[in-house]
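Protein chains in written order, with our numbering: chain X, 1 to 118; chain S, 1001 to 1492; chain F, 2001 to 2509.
Everything labelled a hint here was simulated from the structure, so no lab data went into it.
We put the beta carbon where it would ideally sit given N, CA and C, even for glycine.
In silico contact screen, one side only, chain S against chain F (beta carbon under 8 Å); selected entries:
no.	residue
1	Pro-1107
2	Lys-1111
3	Tyr-1113
Ranges between beta-carbon positions, derived for each pair:
no.	chain 1	residue 1	chain 2	residue 2	range
4	F	Pro-2353	X	Glu-41	20 to 26 Å
5	X	Glu-26	F	Glu-2287	34 to 40 Å
6	X	Glu-41	F	Ala-2389	24 to 30 Å
7	X	Glu-26	S	Glu-1267	26 to 32 Å
8	X	His-30	S	Ala-1326	49 to 55 Å
9	F	Ala-2389	S	Val-1313	33 to 39 Å
Below 16 Å or equal to it, Euclidean Cα-Cα: the simulated EDC-like pairs (lysine to aspartate or glutamate) are:
no.	chain 1	residue 1	chain 2	residue 2
10	S	Lys-1240	S	Glu-1278
11	S	Lys-1468	S	Asp-1441
12	S	Lys-1211	S	Glu-1178
13	S	Lys-1149	X	Asp-106
14	S	Lys-1240	S	Glu-1253
15	S	Lys-1149	X	Glu-104
16	S	Lys-1406	S	Asp-1365
17	S	Lys-1149	X	Asp-105
18	S	Lys-1240	S	Glu-1178
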Amino acid sequence: MRIRTSERGRAGHLYDAFVAERITREDVAHVADLARLSLSEEELDLFTVQLAAVLDHAEDVESLDTEGVPPTAHPLPLVNVLREDVVRPSLDRAEVLAAAPAVEDDRFRVPPALGEEQ
Amino acid sequence: MTFLTTDAGVGTIVEPFTVTDPSGQAWELVVGLEVHCELATATKIFCGCANEFGSEPNTNVCPVCLGLPGSLPVLNRQVVELAMRLGRALRCRVEPSVFHRKNYFYPDMPKDYQVSQYDRPINVDGELELPDGSVVGIERAHLEEDTGKSTHVGGGGRIHDALHSLVDYNRAGVPLVEIVGRPHIRTPEQARAYVQELRAVLLATGASDAKMEEGSMRVDANVSMRRAGTDELGTRCEIKNLNSTRSLVRAIEYEARRQVDLLSAGERIVQQTRHWDEAEGRTHTLRSKEEADDYRYFPEPDLVPLEPAAEWVAAVDAALPPLPAARRRALSDRTGAEQATAALVVERDLDALVLTAVDAGGDPDRLLTRAANDLAAADVGALTAPAFAAVSRMEADGALTATQAKVVLAELVAGGGDPQAIAAARGFEAMGEDELAAAVDAAVASDPAAWQRFVDGDPKVAGLFVGKVMKATSGKADGKAVNALLRQRAAG
Amino acid sequence: MSERDTSGPGGRQGAEEVGGLEASALQLAAQVRSGARSAVSVVEDHLAGIAAGDGEIHAFNHVMEEEALAAASRVDERLAAGEDPGPLAGVPVALKDNLCTRGVPTTCSSRILEGWLPPYDATVVARLAASGAIAIGKANLDEFAMGSSTEHSAFGPTRNPHDTGRVPGGSSGGSAAAVAAGFAPLGLGSDTGGSVRLPAAYCGVVGMKPTYGAVSRYGLIAFASSLDQIGPFGRTVADAAALLEVVAGHDPLDSTSIDAPAPAVSAVLDAGVEGLRIGLVTELSGEGTDPDVRRRVAAAAEALEAAGAKVEDVSVPATTLGLSAYYLIAPAEASSNLARYDGVRYGLRVDAPTNGGMNVASRTAGFGDEVKRRIMLGTYALSAGYYDAYYGKAQQVRTLIIRDFAAAYERFDLLLSPTAPTTAFPFGAKTADPLSMYLTDVCTIPSNLAGDPAISVPYGLGDDGMPIGVQLLGPALSEPTLFRAAAVLEHSMAPTGDGGPAAGRERTT
Ligand SMILES: [Mg+2]
Ligand SMILES: [Zn+2]
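Chain X extracted, bound-state conformation (with noise of 0.2 Å):
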């Protein structure tokens, strides 16, 4: 069984050097934007030293050698899963907006989406 010492991830601040080739605090920064999270400064830290080791770790796959070899999205070797067309019955409106934090005119309110639009 390949498993690395795991001192890295512990005593993040002695591994600065190799932290910054694997990914950087900017990196985190960005990826926290991408998924809508906000960190702290001491999260930003931690989570860079985190991140590092887990992919760290991960080097033996991405050193791999593997030209050719097909990528698996899915274990089974389904295709073509189809349902008829026929309508089933939608959920009653009150129970599905029973659960919204806000709702004006029977509809999910939100506060306005600026400069988001796709």
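With chain X fixed as given, assemble chains S and F with the ligands onto it according to the hints.
Okay, now just chains S and F with the ligands, sitting in the frame of chain X:
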């Protein structure tokens, strides 16, 4: 999604739309259209909720299309059927395809990812032939799910000033085909023709009701400009919110000029998404593409690959109705119709009537003229092909004037009957040459001053005399013959 | 009754005081179906056991007292009316709290879903009800099933009934602990990288991950969709088999569901392993595995040989890459699956002036650190410029693992390994170092990547007195063979068996 290639257009070369900047440099237009169409299914793409426009908000929703935790999608067979119909009608290859997730946050999108086809779409590499004979390449026509719909409250309904938004998920999960055209379009008019032709194909195949006003057909235009006569593609801007073909044409023209203003000032075009404001007649920037779109596409693990069997594709081919381009060609081949006339007659869905009437011995020219000018789109009432043929024959033989033929046709549309009998009842006997000549002479004599102006070369006065003759003969006179006699008298 | 049980933690002792909680699921169902006991009395006893013991164990986020009693009454009514109430009539089941239950809180042990009442039942929940089984509570888990210890629950950890100073394993720690503590004879968990098998091993119960697609995922709140699979817990192999048969089988609501009936596993439990070829996977039981764990795996191999199987060492080289591939694929899928928790439609909302700001504030407040870590990792692995190096590469490694397993299954019917390299560890031992926590899944992950079934069977105690599980692995759809071999191992641990001292668990025959 945009997969621009650098190939030039195919088919008839369309004279490009150009804008000349103050320095005299001419810039020409390049447009590629992306069209989203809602498919006309009974249910949504991945769940059994009704695919229905205009329902009460949030009534056509279930765990799947609301993206509730734990729910899973199952693909609707009819979605695949309709997508293939459209694809084959656009001369695409149907290929094995895979759904991906396109990840981005937006409140209209319940899962905060859109299930869409990415590098392996169902339909690839087709083309659409327009009435003017030009051919626009289709890169792909892929499947994806629609989003919900936000209403912006406050700020006059405009998103930038909205106080908050209200979301209705009835539309979330409605099946869409996104038809990605190649940048082969050269004029705003050609863009309009492309959208109209695509709409005709969608209707013919039953794939979509293609209503731009209800949003079941939505057009985004990728617009760029390049120095006239060059081949490279410039940086493009994508224009959204084009709700009609009129908006499409206006927006492209506006955007072309905006870009030329920048380019001629030595500025760089920034690739971005822009919003067409119909009221202001201008485009606004929505967001810059350079703000790193990072959609993190990956294969949707909750769905399996789609590999329609060859027999299914063959059955789709066999069931395809005649498509507009083929109908136009068939009409021209049989009748000698000009491009524009053939386009008009097919657009009005009158080509089958005309062809049957030709078979019944009708006069092709008269049939085409009446179909293109005097019959309403797809609504010919009680008019039968044999009756239409008979009217055209009578007109061609001089038994009816153009005006009389129109009257008879209108009566046939309204109530059917025998064209001969209708003409007789109306007293539409053909006029003898002497009778016509006498009527023309009487008209000339009635207004010597006007006649002198006509003789002196003012052609506008002709109408006055034609009108007099028509009145005197109760419309029985043939306008063309009257004009010929007038010119003869003036010259003589 | 083993000596371990009588000196066990409060949960077990509490359970014994109310009586009847040692019976197996099959015994209870037989009693209820024959009219010897009412379903209501069975449920009342178990609710009393939970009331007495769960304060210490914290197996449940929510006990479904009212719903369970009502469901039990319906079973009794059906019996009284002469109807068949189903094979698991009156048997309480602990549901992992990532299975949707209509109108009953379903939290994934996350603040972001606190208070959410699903408007629908998961397919497995509906099938349980149809079988007469009684959902008795929503069991604790690592938040969104991300963890190996159940320490990453927003509502506090579950304690291991064998030693309340230790973790029960995870992520289905609540279900495993509930079954071990006698709160319910059966439990359902989900297994994405070992989340059923690891807690089964740590808590000394049977836990099974079926072939991917054998059990519908509809209504299972997704962690990593191409790896997730719902699996049964039981105190006996036969109970786990009965539960699998009830929940498995094709579901048209899950596109990845295998279009076949549930595997018939109960019928073959006595078939033995005579003539089976079983490979001991060298890569999964070498250095890094505790010596006592290795000894118990060797004892299991001996017991299988004694029962007529042929056991040999086998190398499945690509399994060494499993952990790395898993920690790229699972977070990638999770980052997308967990995007929907945005404060718009359900769950926690923390207000902000813009929608984007509201999304950020809600997600930041609602997710715990481990969930954030994995969302970040997965977002990174999928992001522009890194996809090929990380996610794409991991998908190729997945192919290699499938190929290596396929090669091994040309020579062997089943494979054998430890379920985990160690026994249950004390609280806090691995929380500061995520990677060390991830390493506990090293033996279980390869089956998830391959989509193959595997079962963990309790097989004695470690030097620390904690349960040790051994894992049997098989090719897709080999559930019947796996259960046969599991039954042989179980039998060898019985007081009359010859495989070693009975320990850590009770026999019900
Ligand atoms: Mg799209
Ligand atoms: Zn729905």
